[in-house]
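**Q** Produce the entire structure from the sequences given, and follow the hints as far as they go.
Residue numbers (the working numbering), protein chains in the order written: chain A, 1 to 214; chain B, 1 to 214.
Don't read these hints as lab results, they were simulated from the structure. Not one of these hints is a red herring.
Copies of the same chain are indistinguishable here, so a pair counts whether it falls within one copy or spans any two.
Only pairs whose alpha carbons sit at most 20 Å apart, straight line, appear in this in silico EDC-like list of lysine to aspartate or glutamate:
#1 Lys-52 <-> Asp-104
#2 Lys-52 <-> Glu-41
#3 Lys-52 <-> Asp-150
#4 Lys-202 <-> Asp-150
#5 Lys-52 <-> Glu-143
#6 Lys-13 <-> Asp-150
#7 Lys-52 <-> Asp-42
#8 Lys-204 <-> Asp-73
#9 Lys-13 <-> Glu-184
#10 Lys-13 <-> Glu-187
Note that this is a predicted model, so its numbers are computed, not measured.
2 protein chains.
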Amino acid sequence: MTTLLIATRNAHKVGEIQAILGAPFGFLTLNDFPAAPKVVEDANTFAGNATKKAGELARWLRNRNAGRAPAPDYVLADDSGLEVDALNGAPGVYSARFAGGERDENSPDAENNAKLLRLLQDVPPERRTARFRCVIALVPVGEHPARIFDGACEGRIQWAASGHGGFGYDPLFVPEGFVQSFAELGEEVKNRLSHRARALAKLKAFLDGTRSEP
Amino acid sequence: MTTLLIATRNAHKVGEIQAILGAPFGFLTLNDFPAAPKVVEDANTFAGNATKKAGELARWLRNRNAGRAPAPDYVLADDSGLEVDALNGAPGVYSARFAGGERDENSPDAENNAKLLRLLQDVPPERRTARFRCVIALVPVGEHPARIFDGACEGRIQWAASGHGGFGYDPLFVPEGFVQSFAELGEEVKNRLSHRARALAKLKAFLDGTRSEP
Chain A
1 MTTLLIATRN
11 AHKVGEIQAI
21 LGAPFGFLTL
31 NDFPAAPKVV
41 EDANTFAGNA
51 TKKAGELARW
61 LRNRNAGRAP
71 APDYVLADDS
81 GLEVDALNGA
91 PGVYSARFAG
101 GERDENSPDA
111 ENNAKLLRLL
121 QDVPPERRTA
131 RFRCVIALVP
141 VGEHPARIFD
151 GACEGRIQWA
161 ASGHGGFGYD
171 PLFVPEGFVQ
181 SFAELGEEVK
191 NRLSHRARAL
201 AKLKAFLDGT
211 RSEP
Chain B
1 MTTLLIATRN
11 AHKVGEIQAI
21 LGAPFGFLTL
31 NDFPAAPKVV
41 EDANTFAGNA
51 TKKAGELARW
61 LRNRNAGRAP
71 APDYVLADDS
81 GLEVDALNGA
91 PGVYSARFAG
101 GERDENSPDA
111 ENNAKLLRLL
121 QDVPPERRTA
131 RFRCVIALVP
141 VGEHPARIFD
151 GACEGRIQWA
161 ASGHGGFGYD
171 PLFVPEGFVQ
181 SFAELGEEVK
191 NRLSHRARAL
201 AKLKAFLDGT
211 RSEP
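**A** Following this line, the structure appears as C-alpha cells:
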C-alpha cells in the first residue's frame, strides 16, 4: 500500500484529501511526526509553497534513521487559496493569513471572510468572479532508484593471448564475425561493438530523452 | 551540460566510457573525489554491484555540503565481465579477481588470462563460446524533484456568509452552476467539484500509473 504523509496540521484539508483519495492509500499527517521541522511558506506562488513544504519534509524524513517507522512513500503538500478578480487575484497565497496583514500567522476564518466582504462591498455582481486554486506537490521519500542499462557482446576464447590494446580479457576474446581479438581490433572497432558500447548507447538515449523534456 | 561521475578508478573503463559517450557530457571520476568511500562489490550479479556502487556514491554526494563543487548530476557505475559457457558462466562477476580466488582484490590481467587459458586448455573450438557483459547503473545525485498537480474551481463571491460546512472562504464562494455556497453544498458535493478534488484526481492518476509499472 502506498502511504502518503499529508504535510499539514489543518484537519479540514486532511479530511478532504482522505475523503477524495480514499483507499487504497495509507495516510499519515504531521501529527504523526511531532519532531518534523516547521516549514515557512514564504514563496509567492502556490506551487512554490507546496514544493518547498513537500521537499523539506521529504529531505527530513530521508535523513532520519533509515527504516524508522512510520515511513511514508511520499510527502504530499497542498497549497491553495482564493483568487478574486476584482482584487487582482488577492488574497491568493495569503488566503489563510489575509486579515492579519503582514503577520506570518494564519487568521481565524471569520476575520478573513469579514475582510473580504468589506473590500468587495461596492463590487457589483458581474465583477464578483473568483476561483479557488489548489496546487499539490508530491515528493518521494526514498532514495532515487538506480536505472539499469545492459549490453552484451558474443564471441569466442582463443588458445593464446594476442594484441596489446584494451584491457582485461581483451587479448583472449574474439567477437562474433571477426578473426582478431578485442586487443588486436583496436579502440575504435571495440568501442563500436563492445558490451560497454551497447550499454552506453541505451544510457545515452535515456539521457537525451531526459534533457529534451520541457 | 550534464555531468557524470564515472564511479571507477579503472583508467581503461574511464577512457572507453568517455570515448563512447563523448560530448555533450562533462566527466568526473573517483580521482576527483579522494574522500569518497570505497564501495565493496560483493553482490553476485553485475546489476547488484553496479546499483550498489552508484547508489552509495550518490548518497554520499547528496549528504556532502549542498552546492559544494564538483557536483555531478549523475553517478554512473559500470560492472562488467566475461561469461564463458564451458565454465558455466565463470568468471562472471569475479572477472577482475579471478586469479586471486577468494581474495577480495583485483588480480593482474595477465594472471587472470593465464588462469582462464589453463582451465580451457582441453576445450574444443566449438565449445569456447563466451560473451562480455556490461551493466551500467545510473543514479541522480540531486534531490527528487517535486511533481506538481493543480486544480481550479470557478465561481462568485456572495454578499454575506452562508452555510456551516467546509472551512476558510467556503461560506462566501458559490461555484459556477450552483446557487449555494461551498459551505451549504456539503462535503460530498464540494469534494466532487472543488479545486482540491481536481488536483487530487491528477495525483491519483499519476500514482495509479506508478503502481502498475513492472
